[in-house]
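Trainee: One-letter residues, chain by chain:
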Amino acid sequence: GDSVTQMEGPVTLSEEAFLTINCTYTATGYPSLFWYVQYPGEGLQLLLKATKADDKGSNKGFEATYRKETTSFHLEKGSVQVSDSAVYFCALRFQGAQKLVFGQGTRLTINP
Amino acid sequence: ETGVTQTPRHLVMGMTNKKSLKCEQHLGHNAMYWYKQSAKKPLELMFVYSLEERVENNSVPSRFSPECPNSSHLFLHLHTLQPEDSALYLCASSQDDSGGQETQYFGPGTRLLVL
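Heads up: the sequence lines are chains U and C, in that order.
If you're matching positions, the first sequence starts at 9 in the numbering used here and goes up one per residue.
If you're matching positions, the second sequence starts at 1489 in the numbering used here and goes up one per residue.
Since the hints were derived computationally from the structure, they do not count as laboratory data.
Hints may be right or wrong, so weigh each one.
[To be verified] So the derived list for chain C, only partly shown, Cβ under 7 angstroms to chain U, looks like this:
| id | residue |
| --- | --- |
| 1 | Leu1531 |
| 2 | Leu1533 |
| 3 | Val1536 |
| 4 | Phe1563 |
| 5 | Ala1575 |
| 6 | Leu1578 |
| 7 | Thr1591 |
| 8 | Gly1595 |
| 9 | Pro1596 |
| 10 | Gly1597 |
[As the list claims (entries may be wrong)] Calculated cross-link-like contacts (lysine to aspartate or glutamate; reagent style EDC-like; alpha-carbon spacing at most 20 angstroms):
| id | chain 1 | residue 1 | chain 2 | residue 2 |
| --- | --- | --- | --- | --- |
| 11 | U | Lys64 | C | Asp1584 |
| 12 | C | Lys1506 | C | Glu1540 |
| 13 | U | Lys57 | C | Asp1584 |
| 14 | U | Lys60 | C | Glu1590 |
| 15 | U | Lys107 | C | Glu1590 |
In this text, a Cβ means the ideal position worked out from N, Cα and C, and glycines have one as well.
Make the full structure from the sequences, and use the hints.
Mentor: Listed below in structure tokens is the structure:
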């Protein structure tokens, strides 16, 4: 079945470090891909998305590129801040379907 | 603030209690969802309503009973729950165009503890 695999957490970095959170997917076809973020005590918020191969989603300094050849959608940020501490979820969704398939989430902690 | 509100934010209940979770969306969307977020497990989709009709039920036990009286409101009725049902229950909404590209907007969740 369709699935999303994220790198194991927790991830701890210092402020201004470079961030990569890996995400790969298994699917029959070409889904849309999403990154959601969950700040402490809150629900999920859409961070960015890409709907077709080679699309790059970006928001708040975060970027991810839809790589069909490697079935990946890795999240990157050049210089993280303490306020980026949260849990990050990679997800996929097929055209015509309402179901989002989520990865297990990666907890990120940024130290000052 | 995403336009999706959930009440209560926290709930503690015994296994013999009956309670309901409420979700309201102020975004004019036509689809609503219930998700379960357990520790160390991926988010699990429980139910999907589109145009007030249930279109998906992911093998959820009957002790969870959803209700969607209109496109803005979604309830999850709970009865005779088990301790393993303790989790964060998230509601979401979207504008369903069957294109698979519409963003789902999530509420803050209800943290449920079953004793």
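Trainee: Would you pick out the hints that fail for this structure and give their numbers low to high?
Mentor: 4, 5, 11, 12
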